[in-house]
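Q: As a plain string of letters, each chain reads:
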Amino acid sequence: MNEKDILRAREKWSGKIKYVSPLLKGLQYTFGNFLSKHKTIQYPEQKRHVSKRWRGLHQLHRDENGKLLCVACGLCAAVCPARAITLTPYEPENGERYPAEFVIDELRCIFCGYCQEVCPRGAISLSQVYDYVDSTREDFQFSIEKLHDPEQYRFQYQRSLTQKILG
Amino acid sequence: MLELMVITMIKTVIVLTVCMLVVTYLTLAERKILGFIQLRHGPNRVGYWGLLQPFADGIKLLLKEEFVPLNAQRPIFYIAPIISIACPMVMLALIPFGDSITILGREITLYLANPDVGILIILGLGTLGAYGCVLGGWSSGNKYGYTGGLRGAAIIISYELSMAFAVICVVMIAGSLSLVDIVHAQAGLWNIVYAPVAFIIFIISGLAELNRTPFDMPEAEAELCCGYNVEYSSMKFALFFFGEYTHLFIFGCLVTTLFLGGWHGPFLPGVVWFFIKTLLVVFFCIWQRATFPRLRYDQVMKLEWKFLMPLAIVNILVTALVMAVY
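Line order of the protein sequences matches chains A and B. Under our numbering, think of the first position of the first sequence as 1, with each following residue one higher. Under our numbering, think of the first position of the second sequence as 1001, with each following residue one higher.
Because the hints were derived from the structure by calculation, they are not lab data. Warning: the hint list may mix true and false statements.
Anything over 12 Å on all C-beta distances counts as not near chain A; from chain B, calculated [what the hints assert, rightly or not]: (1) 1039; (2) 1161; (3) 1175; (4) 1190; (5) 1273; (6) 1283; (7) 1284; (8) 1309.
Here chain B is said to cover these stretches of chain A; the calculated rule only asks that three of the stretch's residues, wherever they fall, bring their Cβ under 8 Å from a Cβ of chain B [what the hints assert, rightly or not]: (9) 17-29; (10) 38-52; (11) 76-84.
Okay, the calculated beta carbon distance ranges per label pair [what the hints assert, rightly or not]: (12) A:148 - B:1059: 47 to 55 Å; (13) B:1039 - A:19: 44 to 52 Å; (14) A:19 - B:1074: 44 to 52 Å.
Model, not experiment: these values are computed from the prediction. Glycine residues also receive a C-beta, built at the ideal position from the N, C-alpha and C atoms.
Working from the sequences, and respecting the hints, build out all of it.
A: As structure tokens, then:
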């Protein structure tokens, strides 16, 4: 058995010196932190970057004439596990078919993205908007008009100059 | 005589105002530096860069409810915060901020008082300041407060020893107990070169006396839920808080005066050098607070009685030997 293998309950006096270098190393590390850039994202003013695949508010796409791509087949409403989609088809005589009413309850929606996956026409997709704010339950019933451009429902907040100076 | 009184009064007002302003912003500086070290922003909502935060805190504390527990010893409970703020503020009078300057043909010294035993008074007042913590803890009728006060007393009794021994080393080198003479003696080389061991001992025991984090036994948040000042609220708590930060500032001033050459320095005026050095020492105190974990209570006592005090005594002997030989 070597001298090194013995665990001593009481250290020698000379052994205490080995505690000094970790202390200095710790000080060096925290000073490096002090100089480096902070990682906080100041939320309402700065937004986190999200990927293209982020599943946020829904969007109903339209073709170049401004007509809805949706043909009201009802697959999205069928596949929706949260039953957030209510849709009523409308079929005029000329062979067209489009939704008369298309309401997504964003409070029920779990943002799984199944509707986007199942849609045969690519008419519905989920955007990157993740911070819609409103005050009543009715505001979260997104109708066709509201589903047109989710970008405008992004939560916008900037502090004014007075707010920045006086708090 | 009247002129002397007027000058002293003006100096008092200036010293108190400037130092209290610095101390007020120390609270912000501590939070900011801790934040930066932990990769956060620190307070930055009240005012630009959080600069109005100390005043917001002050107003908040003033408007809080003043609460005294039923089983508190009332007179002592009221006196304790006053002791805790008064002692560091008296110590401000003894700090030499700079050499004498000439304004309007009068020579004006940049310190309020220069007693021949300045360093003794400082050490005495520092110990007296700990009575605020001890009495406040014992009189609040709370077991956590009681334990905190007990620990405060134990720490002040033990660490005062090595602190005084470290100071003796400096006094021997300077040949005087007056703070101004000690600074004058460092015109060439600073004391940190002559007495590095004393410097380290002074810093460690000073941190223990300040109740800063590696030795924050009296207000151990984890085990005593704030220690001696649990039962204090409103302005009384603010006084404790303020006293602690004033003590931190005084500690920076003392290290500067005793070891870092006081107002000596090239190019800039003396007062500026003094404040730069003081704030660097204060920065070190905050920096090490963010770095080191707390020691256990018995480890704190062991560090003092088994390591620092013997080392300080040996240090004195070696210094005396070297001085006798040369």
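Q: Take the hints in turn and mark each one as holding or not.
A: To see whether the hints hold, each was checked on the structure:
Non-interface status of residue 1039 of chain B relative to chain A is broken: a Cβ of that chain comes within 12 Å, the nearest being about 5 Å off. At the 12 Å boundary, the C-beta of residue 1161 of chain B stays outside the reach of chain A, the nearest C-beta of that chain being 20 Å off. Listed as a non-interface residue, residue 1175 of chain B keeps its Cβ farther than 12 Å from every Cβ of chain A; the least gap is roughly 32 Å. Here residue 1190 of chain B stays apart from chain A, with its beta-carbon at least about 21 Å from theirs, past the 12 Å limit.
For residue 1273 of chain B, the non-interface assignment is confirmed: its Cβ lies about 23 Å from the closest Cβ of chain A, beyond the 12 Å cut-off. For residue 1283 of chain B, the non-interface assignment is contradicted: its Cβ lies about 9 Å from the closest Cβ of chain A, within the 12 Å cut-off. Remark: the non-interface label on residue 1284 of chain B conflicts with the geometry, its nearest Cβ contact in chain A lying 9 Å away (cut-off 12 Å). Non-interface call for residue 1309 of chain B relative to chain A: holds, since the shortest CB-CB distance, roughly 15 Å, exceeds 12 Å.
Figure legend: the stretch 17-29 of chain A, annotated as covered by chain B; annotation consistent (4 residues with Cβ-Cβ distances under 8 Å, at least 3 required). With 4 residues having a beta carbon nearer than 8 Å to a beta carbon of chain B, the stretch 38-52 of chain A meets the requirement of three or more and the stated coverage holds. Look at the stretch 76-84 of chain A against chain B: 0 of its residues bring a Cβ nearer than 8 Å to a Cβ of that chain, fewer than three, so the hint is violated. At roughly 48 Å, the beta-carbon separation of residue 148 of chain A and residue 1059 of chain B lies within the given 47 to 55 Å, and the hint holds.
Between residue 1039 of chain B and residue 19 of chain A the Cβ separation comes to about 27 Å, which falls outside the hinted range of 44 to 52 Å. Checked against the hint of 44 to 52 Å, the pair residue 19 of chain A and residue 1074 of chain B passes, with Cβ atoms roughly 46 Å apart.
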